[in-house]
Amino acid sequence: MPTDDSKGALAPIRICDFSGQLAGAGATRFFAAFGAQVIRIEDRLSQGGWDIFRGNGPYIDERRGVNLGGMFNNHNIEKIGITLNAKSERGKQILREIISISDIVTENFSAGVMERWGFPYEEMKAIKPDIIYVSNCGFGHAGPYKHFKTWGPVVQAVSGLTFQSGLPNMPPAGWGFSHMDHTGGYFMAIAILMALYHRNKTGEGQYVDLSCTDAALTLNGPALLDYTVNKRPLRRKHSPHSNRSVFPPMAPHGIYRSLGNDQWVAISARNDADWNALCDVIGHPELTKDKRFETMETRIHNQDDLDDIVQAWTDKRSPFDAMLALQERGVPAAAVQRPEDRADNDANSLAWNTFPEVKHFEMGKVRVEGMPMKLSKTPAKIERGAPIIGQDNDFFYNEILMLDKAERKALHDKGVI
Amino acid sequence: MTSALDDVRILEVGGALGAWCGKLLADMGATVIKVEPPDGDETRAFPPFYNDEPHKNRSLYFWHYNINKHSVTLDIESATGRDLFIRLAAQSDAIIDSCPPKHLDSLGIGYEAISQTTPDIIFAAISPFGQDAPYSDYASTDLTALAFGGPVWSCGYDDHTIPPVRGGGNQAHHTACHFAAIGVLTALVHRQFTGEGQFIDVNMHAAQNVTTEGGAYHWLVARDTVQRQTGRHSSPTPTPEVQMLCGDGRYVNIGFPARTEEQWFHLLAWLDEHSLVGDLSQYLTPPSREAIAKRDPVAIQQMREVMGAVSDLCMANTAYDIFVRAQNLGFQWGIIYSPEDAIEDKHFKERGMQAPVAHPELDAEFMYVGAPYDFKATPWALKRRPPLLGEHNEDIYAEIGITTTQLEDLSKTGVV
Chain A
4 MPTDDSKGAL APIRICDFSG QLAGAGATRF FAAFGAQVIR IEDRLSQGGW DIFRGNGPYI
64 DERRGVNLGG MFNNHNIEKI GITLNAKSER GKQILREIIS ISDIVTENFS AGVMERWGFP
124 YEEMKAIKPD IIYVSNCGFG HAGPYKHFKT WGPVVQAVSG LTFQSGLPNM PPAGWGFSHM
184 DHTGGYFMAI AILMALYHRN KTGEGQYVDL SCTDAALTLN GPALLDYTVN KRPLRRKHSP
244 HSNRSVFPPM APHGIYRSLG NDQWVAISAR NDADWNALCD VIGHPELTKD KRFETMETRI
304 HNQDDLDDIV QAWTDKRSPF DAMLALQERG VPAAAVQRPE DRADNDANSL AWNTFPEVKH
364 FEMGKVRVEG MPMKLSKTPA KIERGAPIIG QDNDFFYNEI LMLDKAERKA LHDKGVI
Chain R
18 MTSALDDVRI LEVGGALGAW CGKLLADMGA TVIKVEPPDG DETRAFPPFY NDEPHKNRSL
78 YFWHYNINKH SVTLDIESAT GRDLFIRLAA QSDAIIDSCP PKHLDSLGIG YEAISQTTPD
138 IIFAAISPFG QDAPYSDYAS TDLTALAFGG PVWSCGYDDH TIPPVRGGGN QAHHTACHFA
198 AIGVLTALVH RQFTGEGQFI DVNMHAAQNV TTEGGAYHWL VARDTVQRQT GRHSSPTPTP
258 EVQMLCGDGR YVNIGFPART EEQWFHLLAW LDEHSLVGDL SQYLTPPSRE AIAKRDPVAI
318 QQMREVMGAV SDLCMANTAY DIFVRAQNLG FQWGIIYSPE DAIEDKHFKE RGMQAPVAHP
378 ELDAEFMYVG APYDFKATPW ALKRRPPLLG EHNEDIYAEI GITTTQLEDL SKTGVV
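Top line first, the protein sequences correspond to chains A and R.
Quick note, the first sequence lines up with residues 4 to 420 if you use my numbering.
Quick note, the second sequence lines up with residues 18 to 433 if you use my numbering.
Calculated from the structure, these hints are not laboratory results.
Any given hint might turn out to be false.
Said to hold, decoys possible - Derived DSSO-like pairs: lysine-lysine, alpha-carbon spacing no greater than 30 Å straight-line:
id : chain 1 : residue 1 : chain 2 : residue 2
1  : A       : K362      : A       : K384
2  : R       : K393      : R       : K429
3  : R       : K363      : A       : K95
4  : A       : K131      : A       : K408
5  : R       : K393      : A       : K149
6  : A       : K152      : R       : K366
7  : R       : K73       : R       : K119
8  : A       : K240      : R       : K429
9  : A       : K152      : R       : K393
10 : A       : K204      : A       : K380
11 : A       : K152      : A       : K95
12 : A       : K417      : A       : K128
13 : R       : K429      : R       : K73
14 : R       : K393      : A       : K128
15 : A       : K417      : A       : K90
16 : A       : K149      : R       : K400
17 : A       : K368      : A       : K384
18 : A       : K152      : R       : K119
19 : A       : K152      : A       : K128
20 : A       : K90       : A       : K131
21 : A       : K90       : R       : K119
22 : A       : K234      : R       : K363
23 : R       : K311      : A       : K204
24 : A       : K234      : R       : K400
25 : A       : K368      : R       : K311
26 : R       : K366      : A       : K149
27 : A       : K234      : R       : K311
28 : A       : K319      : A       : K10
29 : A       : K294      : R       : K73
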């Protein structure tokens with residue numbers, strides 16, 4: 004078991020981190036939680052303004068400002084926050100020093116930004132031969148659209164994920180959040196770790212060009228092979244219908260209106276056993292003998308009828324009552340939980356500590372996203388909130404870069420740090 | 018060239034839930050051995066099938082998630098099977114287990130047992146609610162996981178009489194597997210530093226809960242509840258529409274039509290080419306998001322006029338032309354592609370997002386989806402087509418000292 008002085012799985016690692024927003028900051032967040040020293044470098048001149056979340060809501064109270072963004076706090080827990088004007092000559096010199104003592108450089112700028120600063124991969128490699136450089140950018144650093152700009156919804160639109168999410172004869176519903184900012188960050192973390200494993204083994208660093216739209220394209224699932232192999236496009240009559248399940252076939256399978264205002268329950272019957280149990284639970288055991296519903300194939304074919312039958316039952320129940328009645332018999336069913344349900348009243352979330360509380364220098368105690376996987380010997384640590392702008396300048400420039408007080412003051416006065 | 022994970026050996030056991038994690042690692046060079054029951058992994062029976070003919074070796078679902086892996090068959094429920102599993106584990110660096118919680122423990126081949134003989138094993142168990150937590154015995158599918166874990170609440174249409182919508186494509190499973198992969202890799206790196214293995218408990222429900230963006234933050238920070246809206250971020254307060262139907266029946270996502278003065282003039286000039294400026298020329302700046310949020314009637318009226326004009330502009334063009342022109346003007350607009358549109362697009366083709374894979378026994382070559390990332394020194398690669406059921410029994414079992422004769426006996430008794 005870990006002791007109090009346990010340093011975390013990635014304690015020997017230091018990241019020179021320019022990444023921000025969610026797609027980048029969400030990746031280095033893992034490293035910070037697992038004990039790496041993540042040096043979050045923010046622009047002195049714009050006060051970190053490149054990261055729009057720095058000062059954006061939600062807010063804890065009526066106060067506003069670059070230190071009070073709720074999302075920024077979530078994405079940057081446990082990181083070391085410093086400021087640097089990397090466009091100034093002295094700033095570039097300091098950046099070279101930081102790179103020389105780092106294992107990894109990360110960023111999610113638009114294509115070409117690092118080159119314009121004078122820090123393409125070749126330059127970083129000259130400074131630190133085994134450096135790992137991982138860049139996460141919307142359309143990648145090569146290809147006809149490399150200069151195009153994205154954010155989560157554009158990544159989702161262009162990759163097919165938005166189209167895959169919706170009901171027939173309706174516009175796409177898409178994702179009601181930047182799924183690909185989260186998931187782009189997950190891919191970025193995976194890429195960094197793989198490159199790190201390779202470096203630890205061989206001593207060789209490398210450059211990884213992560214294109215968030217490429218990553219999103221890989222998430223379309225078997226629908227892509229159905230097209231490339233069977234020539235069956237997803238854009239066809241009555242398709243897609245993402246509340247139903249085609250691969251694998253399941254029916255009934257949907258999201259049904261329940262008792263109350265905007266209350267819904269999701270139900271999936273995977274096989275005959277689920278179907279038979281469901282018929283019992285909804286008080287219609289005779290349906291198991293109904294010709295329309297005899298096999299999965301006929302249930303899929305008669306799914307509109309099935310939906311009406313299930314709907315008539317869920318209409319009279321709360322989502323949680325319907326869920327419990329079905330789960331008691333082993334049928335997959337789940338309330339469509341609202342944020343308050345799953346954050347405050349969900350026994351699994353509470354027992355797992357899915358939303359732990361961190362301490363932020365100005366905001367005080369705030370809950371953030373926790374870690375969905377528990378590593379038995381090197382647990383994640385999520386206790387300190389995101390740094391306010393320049394919060395760790397004294398610590399970093401003094402204890403890591405060994406600049407004395409007078410020099411730090413001079414650099415600060417000149418607008419370098 | 019070498020692969021990043023070419024010295025890593027992984028056993029994957031369980032069902033559909035963990036397959037994406039194994040694939041991500043296999044694509045970077047890990048030897049991933051899928052341990053299947055003698056009659057095959059459950060997903061070998063999942064459609065779609067090659068030429069729509071059901072067959073254990075022709076499920077495109079199985080192909081998608083298991084390319085680059087090896088396949089051995091093994092009845093882990095039998096005593097001999099359990100013994101063989103422990104011997105296979107002894108040659109492995111990691112195990113990816115997506116069996117029901119504690120199932121392998123009940124068979125005596127869970128982490129506790131394996132780590133007795135193989136102390137530095139990394140053992141990742143992926144399950145719907147964690148191994149031993151509230152709801153661990155609940156049944157779950159991709160749909161119910163996304164519903165219960167939060168994403169579904171945020172997805173759907175402005176009209177709330179229409180059910181909320183599940184994001185398509187198996188994303189609950191993918192998200193659980195992304196955390197599993199991060200966990201396994203973190204543990205592998207830690208093992209490089211210390212020699213220590215460990216157990217990883219991956220909770221799919223928690224994985225969804227932390228993948229909802231504002232859905233969580235608005236509640237945790239400000240105790241606001243987001244409401245779903247067509248094609249755009251769910252939000253505590255309504256925001257303008259973003260999806261525009263174009264002349265060819267496809268949609269584009271226009272985000273916020275123009276943010277800066279420069280963009281505003283670009284937009285007016287573009288509208289002017291189609292004689293669609295109308296009264297918009299009176300505005301010197303784009304509509305203000307802040308003013309709209311504060312319900313300022315002038316800003317709302319301007320926004321209404323802009324959206325009307327942009328809608329006409331879109332209807333006068335194809336979605337692709339709108340997308341490319343807008344991006345060239347610096348607007349973060351995106352065409353809403355279907356998956357097949359995307360994989361045929363020239364940008365993605367040029368980046369190698371169609372990766373050819375030969376299937377010799379079918380005398381055919383098929384296009385698989387390409388790499389999520391471009392590693393310059395240790396490239397991502399599709400090196401072997403998805404395994405036939407039990408294709409690697411002979412090779413893999415030989416490595417733990419099973420002779421061909423013994424393998425035949427094991428096969429006769431139904432152990433492999």
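Status of each hint after checking the structure:
| no. | hint | in the structure |
| --- | --- | --- |
| 1 | A:K362 to A:K384 | holds, 12 Å |
| 2 | R:K393 to R:K429 | violated, 47 Å |
| 3 | R:K363 to A:K95 | violated, 38 Å |
| 4 | A:K131 to A:K408 | holds, 27 Å |
| 5 | R:K393 to A:K149 | holds, 17 Å |
| 6 | A:K152 to R:K366 | holds, 19 Å |
| 7 | R:K73 to R:K119 | holds, 28 Å |
| 8 | A:K240 to R:K429 | violated, 48 Å |
| 9 | A:K152 to R:K393 | holds, 23 Å |
| 10 | A:K204 to A:K380 | holds, 22 Å |
| 11 | A:K152 to A:K95 | holds, 26 Å |
| 12 | A:K417 to A:K128 | holds, 29 Å |
| 13 | R:K429 to R:K73 | holds, 20 Å |
| 14 | R:K393 to A:K128 | holds, 13 Å |
| 15 | A:K417 to A:K90 | holds, 13 Å |
| 16 | A:K149 to R:K400 | holds, 28 Å |
| 17 | A:K368 to A:K384 | holds, 16 Å |
| 18 | A:K152 to R:K119 | violated, 46 Å |
| 19 | A:K152 to A:K128 | holds, 27 Å |
| 20 | A:K90 to A:K131 | holds, 20 Å |
| 21 | A:K90 to R:K119 | violated, 55 Å |
| 22 | A:K234 to R:K363 | holds, 19 Å |
| 23 | R:K311 to A:K204 | violated, 56 Å |
| 24 | A:K234 to R:K400 | holds, 24 Å |
| 25 | A:K368 to R:K311 | holds, 29 Å |
| 26 | R:K366 to A:K149 | holds, 13 Å |
| 27 | A:K234 to R:K311 | violated, 49 Å |
| 28 | A:K319 to A:K10 | violated, 53 Å |
| 29 | A:K294 to R:K73 | holds, 28 Å |
Comparing the model with each numbered hint stated earlier shows that hints 2, 3, 8, 18, 21, 23, 27 and 28 do not hold.
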